[in-house]
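K.L.:
Same order as they appear, the protein sequences are chains A and B. Residue numbers for the first sequence follow this note's numbering, so the first one is 1 and each next one is one higher. Residue numbers for the second sequence follow this note's numbering, so the first one is 1 and each next one is one higher.
Calculated directly from the structure, the hints in this document are not laboratory data. A couple of the hints might just be wrong.
[Claimed, not checked] So the derived list for chain A, only partly shown, Cβ under 8 Å to chain B, looks like this:
no.	residue
1	Gly47
2	Thr48
3	Tyr50
4	Arg58
5	Gly72
[Unchecked claim] List of simulated lysine to aspartate or glutamate pairs, EDC-like, C-alpha gap at most 16 Å:
no.	chain 1	residue 1	chain 2	residue 2
6	A	Lys55	B	Asp40
7	A	Lys79	A	Glu65
8	A	Lys35	B	Asp54
9	A	Lys76	B	Asp40
10	A	Lys76	A	Asp26
11	A	Lys27	A	Glu65
12	A	Lys76	A	Glu65
13	A	Lys27	A	Glu68
14	A	Lys76	B	Glu43
15	A	Lys76	A	Asp32
16	B	Lys41	B	Glu29
17	A	Lys76	B	Asp47
18	B	Lys55	A	Asp32
19	A	Lys76	B	Asp54
20	A	Lys55	B	Asp37
21	A	Lys85	A	Asp26
22	A	Lys85	A	Glu60
23	A	Lys55	A	Glu16
24	A	Lys79	A	Glu16
25	A	Lys76	B	Glu49
26	A	Lys55	B	Asp47
27	A	Lys27	A	Asp63
28	A	Lys85	A	Glu68
29	A	Lys55	B	Glu43
30	A	Lys35	B	Glu78
31	A	Lys76	A	Asp63
32	B	Lys55	B	Asp73
[Claimed, not checked] Label pairs and their computed distance ranges (CB to CB):
no.	chain 1	residue 1	chain 2	residue 2	range
33	A	Pro73	B	Ala331	54 to 64 Å
34	A	Glu65	B	Asp74	29 to 39 Å
35	B	Asn12	A	Lys92	39 to 49 Å
36	B	Val4	A	Lys85	45 to 55 Å
37	B	Lys64	A	Asp63	33 to 43 Å
38	A	Arg58	B	Asn8	24 to 34 Å
39	A	Glu65	B	Gly161	55 to 65 Å
40	B	Gly161	A	Asp4	53 to 63 Å
Backbone N, C-alpha and C fix where the C-beta goes; we use that ideal spot for every residue, glycine too.
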Amino acid sequence: MPADQKFNPIRKGLLEFLILQIISADKVYVADMMKRLQETDFATQEGTLYPLLSKMRREEFVDYEWQESDSGPPRKYYKLTAKGKSQLAEFKDYWAYLNTTINQLGR
Amino acid sequence: MNTVIIINLNGNAFHLEEPGFQSLRAYLERAQVQLRDNPDKTEIMADLEQAIADKCARYLRPHKNVLTAAEIDDVLKEMGPVQTDGATPAGATGGEQPHVGTKSSAGPAPKRLYQIREGAMLSGVCTGIAAYFSIDVTIVRILFVVLTVLTGGLWTLVYIGMMLVVPFANTGEEHAAAAGAPFNAQEVIDQAKKHYAEFKDSKEWRRHWRQQRREWRRRWHEGAYWWGHNLQRNVHQFSTGAGYGGHLGAALLIPFLAVFNALLFCLWIAAIVSLATTGAIFGWVIGGSIPLWVSILILMFIYSVIARPLRHARRAIYFNTNGYNYLWFAAWYEILSTGVLILVCWFAYTHVPQVHDFFQHFVQNWSTMWNNLIDSFRHTVSHKPSDSWLDAKLSGAAAAASTAFLALRR
Numbered sequence: 001m002p003a004d005q006k007f008n009p010i011r012k013g014l015l016e017f018l019i020l021q022i023i024s025a026d027k028v029y030v031a032d033m034m035k036r037l038q039e040t041d042f043a044t045q046e047g048t049l050y051p052l053l054s055k056m057r058r059e060e061f062v063d064y065e066w067q068e069s070d071s072g073p074p075r076k077y078y079k080l081t082a083k084g085k086s087q088l089a090e091f092k093d094y095w096a097y098l099n100t101t102i103n104q105l106g107r
Numbered sequence: 001m002n003t004v005i006i007i008n009l010n011g012n013a014f015h016l017e018e019p020g021f022q023s024l025r026a027y028l029e030r031a032q033v034q035l036r037d038n039p040d041k042t043e044i045m046a047d048l049e050q051a052i053a054d055k056c057a058r059y060l061r062p063h064k065n066v067l068t069a070a071e072i073d074d075v076l077k078e079m080g081p082v083q084t085d086g087a088t089p090a091g092a093t094g095g096e097q098p099h100v101g102t103k104s105s106a107g108p109a110p111k112r113l114y115q116i117r118e119g120a121m122l123s124g125v126c127t128g129i130a131a132y133f134s135i136d137v138t139i140v141r142i143l144f145v146v147l148t149v150l151t152g153g154l155w156t157l158v159y160i161g162m163m164l165v166v167p168f169a170n171t172g173e174e175h176a177a178a179a180g181a182p183f184n185a186q187e188v189i190d191q192a193k194k195h196y197a198e199f200k201d202s203k204e205w206r207r208h209w210r211q212q213r214r215e216w217r218r219r220w221h222e223g224a225y226w227w228g229h230n231l232q233r234n235v236h237q238f239s240t241g242a243g244y245g246g247h248l249g250a251a252l253l254i255p256f257l258a259v260f261n262a263l264l265f266c267l268w269i270a271a272i273v274s275l276a277t278t279g280a281i282f283g284w285v286i287g288g289s290i291p292l293w294v295s296i297l298i299l300m301f302i303y304s305v306i307a308r309p310l311r312h313a314r315r316a317i318y319f320n321t322n323g324y325n326y327l328w329f330a331a332w333y334e335i336l337s338t339g340v341l342i343l344v345c346w347f348a349y350t351h352v353p354q355v356h357d358f359f360q361h362f363v364q365n366w367s368t369m370w371n372n373l374i375d376s377f378r379h380t381v382s383h384k385p386s387d388s389w390l391d392a393k394l395s396g397a398a399a400a401a402s403t404a405f406l407a408l409r410r
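Could you put the whole structure together from the sequences, leaning on the hints where they help?
P.N.:
Set out below in structure tokens:
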């Protein structure tokens, strides 16, 4: 779907919350996240994702643990922290609020 | 056929084609720079390397264990440029073709003057300037030569100054800054590719220059060692003439060389001192208008030309003693020459009134010498009275001259 370049900043800002949403379902590793995002409008690359994840971990929204994999080296599996969960809830509330605001303004 | 380089990516070994290696190195250097202030830099770099390693592994088969340059470029394109918080791009717009920011996140790339060793003839000052102004390095070199001639050699000081002050471009980022190129991952890859192509094309030239330099060096050595080799041969014949007699001969030649070398050194120092204080070598006025500093440089040169072959002869003796008492000979030589040096100094101090006077008023004489030297520089440079920037330049030149002299002695 060809999306307007003007929406780039919006997608950029939302990426962090989308990652929170992906992680909230289950523990995931980076290749999983990429695969999920790939199908959406928010496809991203490792060069962006790794620094972002490290920042989110520093801010204590996510954490990871090492897990052995059948194929290849051990992987980092990310999961949400309590702080991350409340952040995600807050974001969802805010998103709903934005939606109603936008819709009401049009009337 | 391509050169292959083995690298270690977070603990995994890979074989890469040389151009691919250059691209990868440029990418990782760029990542390092982007993450330089990031507290988790080491960890992110390890993650990135692991991700690259995983992607690289996909291209390997049982009978294909080398990654081509094109494959590395694909891997890096898939990785995307490393971006930190402030400049996180939205990623892909359509999914397949990731959007890579054309503008560098750091705004306009800073342009700085560097010395570039690659393709340098001396130190890389000219190559750096050529990169800075994006002009051909040959033009810069010709300009430098013309300026040197026009300023009567003063431009050499500027060159030496730049050599000492201007930093060397070491990392890919510095190379980019030297040329003022925007520093963006994709462009770095492109540049690495371009440079490699240019490098291949310029190989012929490089070989030519290398041969040229080797030739110069060879000629210089031949000239300087001309009689050193003769002496060496004679010494060799003399010392290997007969087993025991040969050793004896060497042992006798050593003191001769030691005394001669020590005397030569004393004579040389005395000549310089006398030239600098009185403007004449032991009363002999050098004709014409050769400035003091030039005469001193000539003296240094003459000394090194004479001393070089002597040193060679000495080494020849050391090695013709079958090696087993090499140290003994060396120690013997050092003790003798130091002894002679002290002896000569003492003798001169007690018996030659000029030398005695010189040491009595050493500080004053030293400053006289120095002032004479500076004055001679000033006369060469301009006929205007002293200005202070010149003093700074002159001390720089003096330092450079002594460095050159030390390098020659080696």
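K.L.:
Decide, hint by hint, whether the structure agrees.
P.N.:
Hint by hint, here is what the structure shows:
1. For Gly47 of chain A, the interface hint holds, the least distance from its beta-carbon to any beta-carbon of chain B being 4 Å, beneath 8 Å.
2. Taking 8 Å as the C-beta cut-off, the interface hint given for Thr48 of chain A holds, the closest approach to chain B being about 5 Å.
3. For Tyr50 of chain A, the shortest C-beta to C-beta distance to chain B is roughly 5 Å, which falls under 8 Å, so the interface hint holds.
4. Hint on Arg58 of chain A holds. Least Cβ distance to chain B is approximately 7 Å, under the 8 Å limit.
5. Annotation: interface hint on Gly72 of chain A holds; nearest CB of chain B at approximately 7 Å, less than 8 Å.
6. Proximity of Lys55 of chain A to Asp40 of chain B is assessed by CA-CA distance (about 8 Å); at most 16 Å being required, the pair is judged to hold.
7. Straight-line distance between C-alpha atoms of Lys79 of chain A and Glu65 of chain A comes to about 8 Å, which keeps the hinted pair within the 16 Å bound.
8. The hinted pair formed by Lys35 of chain A and Asp54 of chain B meets the criterion: a straight-line CA distance of about 15 Å does not exceed 16 Å.
9. With a C-alpha separation of about 15 Å, the suggested pairing of Lys76 of chain A with Asp40 of chain B holds against the 16 Å cut-off.
10. Taken as a hint, the Lys76 of chain A and Asp26 of chain A pair is honoured in the structure, with Cα atoms around 13 Å apart against an allowance of 16 Å.
11. Restraint check for Lys27 of chain A and Glu65 of chain A: the C-alpha separation of about 9 Å stays at or below 16 Å, so the hint holds.
12. Restraint check for Lys76 of chain A and Glu65 of chain A: satisfied, since their Cα atoms lie roughly 6 Å apart, inside the 16 Å limit.
13. Taking the CA atoms of Lys27 of chain A and Glu68 of chain A, the gap is about 14 Å. The hint holds against a cut of 16 Å.
14. Distance check on the hinted pair: Lys76 of chain A and Glu43 of chain B sit about 12 Å apart at the alpha-carbon level, within 16 Å; holds.
15. The suggested pairing of Lys76 of chain A with Asp32 of chain A holds, with an alpha-carbon distance near 11 Å, which does not exceed 16 Å.
16. Proximity of Lys41 of chain B to Glu29 of chain B is assessed by CA-CA distance (about 12 Å); at most 16 Å being required, the pair is judged to hold.
17. The hinted pair formed by Lys76 of chain A and Asp47 of chain B meets the criterion: a straight-line CA distance of about 9 Å does not exceed 16 Å.
18. At most 16 Å may separate the alpha-carbon atoms for a hinted pair to count; Lys55 of chain B and Asp32 of chain A meet this at roughly 14 Å.
19. With a C-alpha separation of about 14 Å, the suggested pair Lys76 of chain A and Asp54 of chain B falls inside the 16 Å cut-off, and the hint holds.
20. For a cut-off of 16 Å, the pair hint linking Lys55 of chain A to Asp37 of chain B stands: about 12 Å separates their Cα positions.
21. Between Lys85 of chain A and Asp26 of chain A, the direct Cα distance comes to roughly 12 Å. Compliance with the 16 Å bound is thereby established for this hinted pair.
22. Distance restraint check for Lys85 of chain A and Glu60 of chain A: the Cα-Cα separation of roughly 11 Å lies within the 16 Å cut-off, and the hinted pair is therefore satisfied.
23. Proximity of Lys55 of chain A to Glu16 of chain A is assessed by CA-CA distance (about 10 Å); at most 16 Å being required, the pair is judged to hold.
24. Restraint check for Lys79 of chain A and Glu16 of chain A: the C-alpha separation of about 14 Å stays at or below 16 Å, so the hint holds.
25. Proximity of Lys76 of chain A to Glu49 of chain B is assessed by CA-CA distance (about 14 Å); at most 16 Å being required, the pair is judged to hold.
26. Our distance criterion of 16 Å between C-alpha atoms is met by Lys55 of chain A and Asp47 of chain B, whose separation comes to about 14 Å.
27. Restraint check for Lys27 of chain A and Asp63 of chain A: the C-alpha separation of about 10 Å stays at or below 16 Å, so the hint holds.
28. Using a Cα cut-off of 16 Å, the hinted pair Lys85 of chain A and Glu68 of chain A is violated, with the two alpha carbons roughly 26 Å apart.
29. A threshold of 16 Å between alpha carbons decides the hint, and for Lys55 of chain A with Glu43 of chain B the separation of about 12 Å falls inside it, so the pair holds.
30. With a C-alpha separation of about 13 Å, the suggested pair Lys35 of chain A and Glu78 of chain B falls inside the 16 Å cut-off, and the hint holds.
31. Taken as a hint, the Lys76 of chain A and Asp63 of chain A pair is honoured in the structure, with Cα atoms around 9 Å apart against an allowance of 16 Å.
32. Under the criterion of a C-alpha separation no larger than 16 Å, the hint pairing Lys55 of chain B with Asp73 of chain B is consistent with the structure, at around 11 Å.
33. In this structure the supplied range 54 to 64 Å holds for Pro73 of chain A paired with Ala331 of chain B, their Cβ-Cβ distance being about 60 Å.
34. The hint said 29 to 39 Å for the Cβ distance between Glu65 of chain A and Asp74 of chain B, and at roughly 31 Å that hint holds.
35. The hinted range of 39 to 49 Å is satisfied by Asn12 of chain B and Lys92 of chain A, whose Cβ atoms lie roughly 40 Å apart.
36. Distance hint for Val4 of chain B and Lys85 of chain A: a CB-CB separation of about 49 Å, consistent with the stated range 45 to 55 Å.
37. Separation of Lys64 of chain B from Asp63 of chain A is about 39 Å and conforms to the stated range, judged on CB atoms against 33 to 43 Å.
38. In this structure the hint that Arg58 of chain A and Asn8 of chain B lie 24 to 34 Å apart at CB holds, the actual value being about 27 Å.
39. For Glu65 of chain A paired with Gly161 of chain B, a C-beta distance near 58 Å keeps the hint of 55 to 65 Å intact.
40. In this structure, Gly161 of chain B and Asp4 of chain A meet the distance hint of 53 to 63 Å, their C-beta atoms being roughly 55 Å apart.
Hint check: a violation occurs at hint 28 only; the rest are consistent with the structure.
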